[in-house]
Amino acid sequence: MTLASQLPALQVVVPLLTAPIAAAMRPRDLAWLVTCAASLTAFAIAVALTAGALQGPADTSLRYDMGGWPAPFGIALVIDSLSALVLLVITGSSTLALLAGRRAMALDIEPHRQPLFYAAWLTALAGLCGITITGDAFNIFVFMEISSLATYVIIAAGPERRALTSVFKYLITGTVGATFYLIGVGLIYMMTGTLNLEDMELRIAEAPSRGPVLAAAGFITVGLALKAAVFPLHVWLPNAYAYAPHTVTAFIAACSTKVALYVLLRFDFMVLQANLPEHAAQFAGYLLPLALAGILFGSSVALFETHLKRLLGYSSIAQIGYIVLGAAMLDRAGLTAATLHMFNHALAKGTLFLAVIALGLRLGQANLNLSNLWGVGRAMPWTMGAFTVAAASLVGIPGTAGFISKWYLVSAALQQGPWAVVLVGVILISSLLAVAYLWRVLEPAFFADSPATLSEPIAHQSWAPLVILWLAAAANVYFGLAPQLPVELASRAAAILTAGHGAAELLP
Amino acid sequence: MEILGHYHYWVFAVLLMIGFYALVAKQNLFKKMLGLSILQSAVFLLYITMAEREGGTAPIIQPGVADQLYSNPLPQVLILTAIVVGISTMALGLAIVVRIREEYGTIEDDEIRRMDRRP
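The listed protein sequences correspond, in order, to chains A and B. With the numbering used here applied, the first sequence corresponds to residues 277 to 784, in that order. With the numbering used here applied, the second sequence corresponds to residues 26 to 144, in that order.
Some hints here could point you the wrong way.
Said to hold, decoys possible - Residues of chain B placed beyond 10 Å of chain A at every Cβ, according to the derived structure: (1) Ile43; (2) Ala50; (3) Gln52; (4) Gly81; (5) Ala83; (6) Pro84; (7) Val90; (8) Gln93; (9) Ser96; (10) Pro100.
Claimed, not checked - Keeping only pairs whose Cα atoms sit at most 25 Å apart, straight-line, the calculated SDA-like set for lysine to any residue is: (11) B:Lys56 / A:Arg437; (12) A:Lys445 / B:Gly130; (13) A:Lys445 / B:Met140; (14) B:Lys51 / B:Ala38; (15) A:Lys445 / A:Glu386; (16) A:Lys445 / B:Ile73.
Calculated directly from the structure, the hints in this document are not laboratory data. Here a beta-carbon is modelled for each residue, glycine too, at the ideal position from N, C-alpha and C.
Produce the entire structure from the sequences given, and follow the hints as far as they go.
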């Protein structure tokens, strides 16, 4: 029993067991230090697991039987290229946000509550890792609720009272989503008698009747779409992002919706689609129009939004639309684009929200209306410089990570026969809208006169957020110029997702 | 008799809809939480009834009794976990409602929205 063979379990266990330790830590800087150490360890484990998943043929997956119980009876942990990619996103964004957000969190949260806040953060991290790594349908539900409950707590720590009302809305929507997922899993269990995802895939074919399985597919897809804020189930997202502490937004925005999308892909493609011939057409038939509508809706609303974080939140809804669009194409190219965009969007949006942390330190937590940002580019050139790089990545300027996934998405769309024109048209229009709404932030930031609020910084500027911010911005450029790692992971993930059902079906 | 024979599914569906109705239609945040609780109870019921077999007993192996029909214990174990999750959600939700009452002085959703719109 070597340490390396226990890494899959440690991925969840390290943050989960460090959470109570962080809660007990006084003074509070020690709690932050412990949390960072646990998050960094989790990131290192994710890197090691990714390296393991990349060895060997494309469908390599590492398996770990929890407690030594063999697979269909015990809970199996499965690490393949898809889960490795999501694990990298989760642990990476958590680590960067924690490192950059130390001062911001010290200002936002009452000192005696900070250790508990960090404990909740680690619990959320453990839950998200658990969802990604487990191969058991019910285990996914449990981890989903662990991560959601902890996420509600850290969002509610926001300084404005509207954080409470937005988190209440998130709690209601999130719980309904999880409950729908639970109903779906129950119906499938009724038909198959198993909870292990791979076992499920084999046994659905022998299910005595298709009806309950189709109903389950509906419940699971809708429930997870609620969690992933797929348009029109996105209403909880903009306010939850806007009123959370900035550091929490940087963490949540990068990974929580991606994890729900990951489960959606895994369930719909690996478990259901191979066995339900009707399912593929229905999946694409419902999700493709929603994805297109979401892309246009998110980008258009962002164009008129006056609050920076809400603007970025609506932009996230459009970006989730891109991921769903790629998935709804049902073929390998589309799924490669979708998984790749999960990675690249997390990178771009995470960097933008890291810049928001630095802005919040200078301008004050609550002053993030666009009118507060006038002239901020000249007062804080480094912060806004990194913001510009990440914005370029979000739009998809060549040389940045965002361009790579847009490129893959457009090439996948071009293979869709008569629909190609519509799909490519929507992607292009939305990219233009993205240029417009980001320009609304950048133009006054660099070219307008600064208001009085800028003259006196709220907090002493420290170098840590800037270094982390530029590290993230550099990653955007690096993965734009040398995209081998995410592309390799994404194409392997797409191969795994499509392995079950031979030739990809065309759009309805 | 097909319809009546599945009566527990009807109870599940009706409870689910009652919970959903409360979530959507009620303005009072506490009533919304109650709706959420009813919604979750409906799912608990779905799991518990699916494990039941006609003439089945508790899954305990007794010496000397062969071919005994047992109920499936696994869904009940699963739902025990889900009940715990439901209680935690309820506790957290109610705690947020209490905090909202402290900050806004009301737990009516429409009044809160009106207060938020005013700067």
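Each hint, compared with the structure:
Every beta carbon of chain A lies more than 10 Å from that of Ile43 (chain B), the smallest distance being close to 14 Å; the non-interface claim holds. The beta carbon of Ala50 (chain B) is kept farther than 10 Å from every beta carbon of chain A, the shortest such distance being approximately 13 Å. Annotated as non-interface, Gln52 (chain B) keeps its C-beta farther than 10 Å from every C-beta of chain A; the closest such distance is 13 Å. The non-interface label for Gly81 (chain B) is consistent with chain A: the shortest C-beta to C-beta separation is roughly 15 Å, beyond 10 Å.
Against the 10 Å criterion, Ala83 (chain B) stays outside the reach of chain A, whose nearest CB is about 19 Å from its own CB. The Cβ of Pro84 (chain B) sits about 14 Å from the closest Cβ of chain A, beyond the 10 Å cut-off, so the non-interface label holds. With a least CB separation of 24 Å from chain A, Val90 (chain B) remains clear of the 10 Å interface cut-off, as annotated. The beta carbon of Gln93 (chain B) sits about 19 Å from the closest Cβ of chain A, which is more than 10 Å, so the claim that it is off the interface holds.
With a cut of 10 Å on Cβ distances, Ser96 (chain B) stays outside the contact zone with chain A, its closest approach being about 14 Å. At the 10 Å boundary, the C-beta of Pro100 (chain B) falls inside the reach of chain A, the nearest C-beta of that chain being 7 Å off. Among the hinted pairs, Lys56 (chain B) with Arg437 (chain A) is consistent with the structure: their alpha-carbon atoms are about 21 Å apart, no more than 25 Å. Annotation: proposed proximity of Lys445 (chain A) to Gly130 (chain B) holds, straight-line Cα distance about 18 Å (limit 25 Å).
Annotation: proposed proximity of Lys445 (chain A) to Met140 (chain B) holds, straight-line Cα distance about 16 Å (limit 25 Å). Between Lys51 (chain B) and Ala38 (chain B) the CA atoms are separated by roughly 19 Å; this keeps the pair inside 25 Å, and the hint holds. The suggested pairing of Lys445 (chain A) with Glu386 (chain A) holds, with an alpha-carbon distance near 24 Å, which does not exceed 25 Å. This hinted pair does not check out: Lys445 (chain A) and Ile73 (chain B) have alpha carbons roughly 29 Å apart, beyond 25 Å.
Checked against the numbered hints given earlier, the structure breaks hints 10 and 16 and satisfies all the rest.
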